[in-house]
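Protein chains in written order, with my numbering: chain A, 335 to 436; chain B, 335 to 436.
Hints in this document: simulated from the structure, not taken from any laboratory. Predicted model only: the values in this text are computed from it and were never measured. Any given hint could turn out to be false.
Which copy is meant is left open, so a pair is good if it fits within one copy or across any two.
In silico lysine to aspartate or glutamate, EDC-like type, Cα no more than 16 Å apart, as pairs [as the list claims (entries may be wrong)]: (1) Lys352 with Asp413; (2) Lys362 with Asp414; (3) Lys419 with Asp382; (4) Lys362 with Glu426; (5) Lys352 with Glu368; (6) Lys362 with Asp386.
Residue-level listing of the chains:
There are 2 protein chains.
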Amino acid sequence: MMAWMNRASLEKTLETRKTHFWSRSRQKFWMKGESSGHTQAVADISFDCDGDTLLIQVEQIGAACHEGYRSCFFRSVHDDGVDFKVTEQQLETPENIYGKKP
Amino acid sequence: MMAWMNRASLEKTLETRKTHFWSRSRQKFWMKGESSGHTQAVADISFDCDGDTLLIQVEQIGAACHEGYRSCFFRSVHDDGVDFKVTEQQLETPENIYGKKP
Numbered sequence: 335m336m337a338w339m340n341r342a343s344l345e346k347t348l349e350t351r352k353t354h355f356w357s358r359s360r361q362k363f364w365m366k367g368e369s370s371g372h373t374q375a376v377a378d379i380s381f382d383c384d385g386d387t388l389l390i391q392v393e394q395i396g397a398a399c400h401e402g403y404r405s406c407f408f409r410s411v412h413d414d415g416v417d418f419k420v421t422e423q424q425l426e427t428p429e430n431i432y433g434k435k436p
Numbered sequence: 335m336m337a338w339m340n341r342a343s344l345e346k347t348l349e350t351r352k353t354h355f356w357s358r359s360r361q362k363f364w365m366k367g368e369s370s371g372h373t374q375a376v377a378d379i380s381f382d383c384d385g386d387t388l389l390i391q392v393e394q395i396g397a398a399c400h401e402g403y404r405s406c407f408f409r410s411v412h413d414d415g416v417d418f419k420v421t422e423q424q425l426e427t428p429e430n431i432y433g434k435k436p
């Protein structure tokens, strides 16, 4: 998945070892899995050469994606650039994820 | 590595099976490796659930990073959030990469 962090969400992530992000649209922090229970335990945090992107390796509980897939990147582009194929199995329906208590 | 694409750079990438990006600062296309020779042969292109991020799996020739590492993410953050460690070996010096003809 791809999400945004600011300094405080990174600090919170380091402190708790669970990923916390910053929602630009809602202007608030969120812990990944706070409503779905699908948290991410941090294994490693690396940063790129110009220091503006983080790559966080996690142990993912259940589906990272709000569409119920382990990864948000569950669709691959065909060579024609138009069609795509789904490359993962759906673990849960979106309704199940958000009906569930954390 | 993380870089930016627009529609035309994605089309060029699909057409050539080598990654092409869009430089926002220089407002121009670039093919990864065009000056260094460190091209990326595309194996798979997936896109995320809201369709604004691509994850491209490549066969990387040499160093992807302009600092001479295979990956730009060659530094990991320590638990204290201040220190870091280098997790890869440098393959080439930056001077070598850009002294070299494509």
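Evaluate Lys362 and Asp414 at a C-alpha cut-off of 16 Å and name the case that applies: within, between, both or neither. This pair counts as neither: shortest intra-copy Cα distance 39 Å, inter-copy 24 Å.
How would you classify Lys362 and Glu426 at a CA-CA limit of 16 Å: within, between, both, or neither? neither (26 Å within a copy, 42 Å between copies)
Classify it for me, Lys352 with Glu368: is the Cα-Cα distance of at most 16 Å met within a copy, between copies, both or neither? within (10 Å within a copy, 39 Å between copies)
Within, between, both or neither: Lys419, Asp382 at alpha-carbon 16 Å: Between copies only: 12 Å across chains, 30 Å inside a chain, cut-off 16 Å.
Regarding Lys362 and Asp386, is the shortest C-alpha distance of 16 Å or less found within a copy, between copies, in both, or in neither? neither (20 Å within a copy, 21 Å between copies)
Within a copy, between copies, both or neither: where do Lys352 and Asp413 come within 16 Å Cα-Cα? between (37 Å within a copy, 12 Å between copies)
Checked against the numbered hints above, the structure violates hints 2, 4, 6; every other hint is satisfied.
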